[in-house]
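Chemist: Now for the letters of each chain:
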Amino acid sequence: MGETADQIFVILQRWLVSHAPASLRFPLSALLSVVVILGAFALLFAITTVLERKGLGRIQNRYGPNRVGPFGFLQPIADGIKSLTKEDIVPQAADKAVHFLAPVVLVLAAFSLYAVLPIGRNMVLVNLDAGVLFFFAVSSVMELTIFMAGWSSQNKYSLLGAMRAIAQMISYEVPLILASVTVIMAAGSLSTVAIVEKQAGYTGILPHWFVFTPWGFAGFILFMIAATAESNRSPFDLPEGESEIIAGYYIEYSGFKFALFFLGEYLGMFAISGLGITLFLGGWAAPLSFLTWVPSYLWFFAKLLAMIVVFIWIRGTLPRLRMDQLMNFAWKFMLPMALINLVAAGVWRFLPQGVLRWVVCSLLVIIPYVLLGRGLMQGWKLEKRVYQFAE
Amino acid sequence: MLFTIFAILTVVGAVAAMSLRNLVHSVLALTLAFAGLAVVYLQLGAQFIGFAQILVYVGAVAILIVFAILLTREAAATPRSILVGSWKGSGVVVLAVFGILAWAIHHSAAYRKAMPPQPEATMQQIGNALMLRFALPLEIVGLLLTAALIGAVTIALQDKQETR
Amino acid sequence: MTSLASCLLLSALLFAIGLAGALMRRNAILVLIGIELMLNAANLNFIAFWRYGPNPEALTGMIFVIFSIGVAAAEAAVGLALIISLYRHTRTANMDEVNSMRG
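Chains as they are written, first to last, in this note's numbering: chain A, 1 to 391; chain B, 1 to 164; chain C, 1 to 103.
Check the hints yourself; a few may be wrong.
[Stated by the list, open to error] Here are the simulated lysine to aspartate or glutamate pairs, DMTMM-like style, with alpha carbons at most 25 Å apart:
no., chain 1, residue 1, chain 2, residue 2
1, B, 88, C, 75
2, A, 54, A, 324
3, B, 88, C, 96
4, A, 156, A, 95
5, A, 198, B, 120
6, A, 332, A, 197
7, A, 96, A, 265
8, A, 54, A, 265
9, A, 198, A, 95
10, A, 82, A, 52
11, A, 332, B, 139
12, A, 82, A, 265
[To be verified] Not the full set, but computed from the structure, chain B residues with beta-carbon under 7 Å of chain A:
no., residue
13, 15
14, 47
15, 51
16, 55
17, 58
18, 100
Rather than coming from a laboratory, the hints here were simulated on the basis of the structure.
Because the structure is a prediction, the values reported are computed rather than measured.
A virtual CB, placed ideally from N, CA and C, is assigned to each residue, including glycine.
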């Protein structure tokens with residue numbers, strides 16, 4: 001019974017495809033999977049928009065939208081109708097072809113990121129041998145579309161926002177990839193399915209997720225900070241800073257194209273959270289060994305929702321980073337931490353199991369963190385911290 | 001058939017990259033050519049190379065070229081020719097090069113070769129090859145990239161005296 | 001025409017187009033774009049021979065292309081840094097106008 005509930009979508013897909021002639025089976029099953037992914041993540045996008053606005057509202061001590069539907073939860077429908085019927089204004093001096101193509105290519109790239117995420121047991125669209133590399137390759141295409149959007153509007157603020165966004169995304173790509181490399185080293189494969197399967201065991205009740213190791217925990221924190229920066233979300237949303245350059249690189253977009261940008265950005269956020277879940281949080285594996293009767297896809301979406309809630313929480317709580325603070329953080333703090341994390345992961349692999357490797361790897365991660373953190377904030381004086389404005 | 005489509009796409013992108021007047025359009029066409037080449041690599045079974053091509057060329061080199069274009073903007077689009085003064089001679093040279101290469105391919109054994117089966121190139125094999133047999137080139141490329149990074153930053157750094 | 005011959009022909013065509021751009025365009029950045037196209041054409045050649053050649057298990061073609069992509073990216077970075085520095089000095093990125101040793 002549990003097995004059936006877990007594999008219900010796979011069984012359904014196989015049953016539907018078996019009605020077709022043999023030559024069409026593969027394209028039809030691929031098409032079905034693609035349609036389901038498009039539908040599921042577009043629905044998740046709609047839910048997230050209203051969740052974010054209400055969540056941010058509550059953090060800021062106000063109600064979010066509460067007119068449309070019960071407690072405002074049908075707001076996405078109103079938003080969709082608005083964005084479809086708004087006039088599509090294109091500036092006269094804008095480069096028409098590039099202006100049109102930028103949101104299209106962004107959404108295309110954002111949707112194709114889901115091809116390598118294992119949403120449940122046996123439920124991945126393509127089991128690529130180089131899955132994680134495919135993910136990073138396609139997410140680097142998204143940077144180019146941001147430049148296309150910023151440049152084609154022929155607007156100085158737009159271009160400025162685009163340059164900032166690209167500089168930020170390139171800077172944070174390095175710690176992101178390095179944090180993923182530790183997981184790839186530990187799992188011995190670039191395939192997302194193999195990485196999830198490596199984390200699917202249990203010792204007693206506790207799972208084998210990579211986040212429960214010292215290097216995995218540090219790697220997860222690094223990955224999540226870099227993912228926040230990659231999706232241009234607060235506190236790294238200077239390129240689209242609402243109070244500074246009013247939506248940065250998509251100032252000149254209105255109506256449906258703006259909705260497409262919004263969609264592309266959120267899809268990118270979900271995809272990179274999905275990759276974080278796959279690499280560090282065990283993908284579709286249940287957290288405790290007696291909970292494995294719950295279907296695997298429900299665990300994936302539960303973890304994804306938890307990460308979305310954390311993203312919204314961070315957005316509502318932390319102030320925005322300035323451009324130079326952002327770049328310093330990436331290159332001077334996160335890159336050395338990611339490299340040291342890599343060393344810690346290697347040491348973990350070669351030490352025998354037991355208390356020794358926990359202690360050694362934890363120290364290898366904690367001591368540079370404290371030293372780097374204090375050193376960078378105090379200009380390398382490394383003495384007792386003196387509080388200027390407290391007491 | 002699929003190969004022909006993407007080959008034509010690549011060639012169209014390359015020709016557009018080399019002949020457009022607007023520099024940013026030229027870079028976007030170049031990106032199209034790179035993407036077309038990446039698909040050709042994937043068709044030839046070189047998965048790692050295809051994705052690495054997109055990651056490095058589209059994600060880094062194209063953006064680098066775009067930044068350089070934005071930093072070296074000329075004041076207004078000049079109406080003079082986009083071609084260098086000696087373009088006729090260069091054109092002859094290019095046609096000669098292509099002619100010789102095409103003739104060589106046509107008369108080589110490539111035309112009559114049999115089709116070997118798809119080779120297997122898993123990530124493990126590539127990793128093993130890089131770490132065991134090709135470890136020295138890997139380290140040298142690492143040194144080269146470091147030197148290039150430091151060199152590029154040093155060359156493009158603005159002297160504090162010059163900007164006053 | 002076999003697959004190998006069509007790959008080689010595509011590679012030769014791309015090389016010729018890159019060479020045309022590198023030799024005939026006025027702007028220095030377009031010369032660099034031409035050089036990148038030529039390098040890509042050579043990479044395609046290597047991959048085609050790896051796939052259809054006699055010894056694909058040795059992965060030599062693939063490894064060479066990995067290094068070639070890395071080196072090409074490094075060279076593009078240095079070349080563009082040079083062009084930016086040249087632009088700062090002479091206020092132009094035209095190849096025709098930087099033909100004097102005065103500086």
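Chemist: Is residue 82 of chain A within 25 Å of residue 265 of chain A, Cα to Cα?
Modeler: holds (19 Å)
Chemist: Can you verify the interface hint for residue 55 of chain B: is its Cβ closer than 7 Å to any Cβ in chain A?
Modeler: holds (4 Å)
Chemist: Mind checking the alpha carbons of residue 88 of chain B and residue 75 of chain C for me, to see if they're no more than 25 Å apart?
Modeler: With Cα atoms ~28 Å apart, residue 88 of chain B and residue 75 of chain C exceed 25 Å; violated.
Chemist: Would you mind confirming whether the straight-line C-alpha gap from residue 54 of chain A to residue 324 of chain A stays at or under 25 Å?
Modeler: violated (31 Å)
Chemist: Under 7 Å, Cβ to Cβ, is where residue 100 of chain B needs to be relative to chain A, so tell me if that hint holds or is violated.
Modeler: With Cβ-Cβ at 35 Å, over 7 Å, it is violated.
Chemist: Would you check the hint for residue 88 of chain B and residue 96 of chain C, treating anything up to 25 Å between C-alpha atoms as holding?
Modeler: This hinted pair holds, its Cα atoms lying about 15 Å apart.
Chemist: If you draw a straight line from the CA of residue 82 of chain A to the CA of residue 52 of chain A, is it 25 Å or shorter?
Modeler: holds (18 Å)
Chemist: Straight-line Cα separation of residue 332 of chain A and residue 139 of chain B no greater than 25 Å?
Modeler: At roughly 24 Å apart (the allowed maximum being 25 Å), residue 139 of chain B and residue 332 of chain A satisfy the hint.
Chemist: Are the Cα positions of residue 96 of chain A and residue 265 of chain A separated by 25 Å at most?
Modeler: Judged against 25 Å, a Cα distance of about 22 Å means the pair holds.
Chemist: Does the interface hint hold: is residue 51 of chain B within less than 7 Å of chain A, judged Cβ to Cβ?
Modeler: With a closest approach of 4 Å, the residue 51 of chain B hint holds.
Chemist: Next pair to validate is residue 54 of chain A with residue 265 of chain A; report whether the Cα-Cα distance is within 25 Å.
Modeler: Holds - the C-alpha atoms of residue 265 of chain A and residue 54 of chain A are around 19 Å apart, at most 25 Å.
Chemist: Under 7 Å is the threshold here; is the Cβ of residue 58 of chain B close enough to any Cβ of chain A for the hint to stand?
Modeler: Constraint on residue 58 of chain B satisfied, holds at 6 Å.
Of the numbered hints given earlier, the model fails hints 1, 2, 6, 9, 13 and 18; all others are met.
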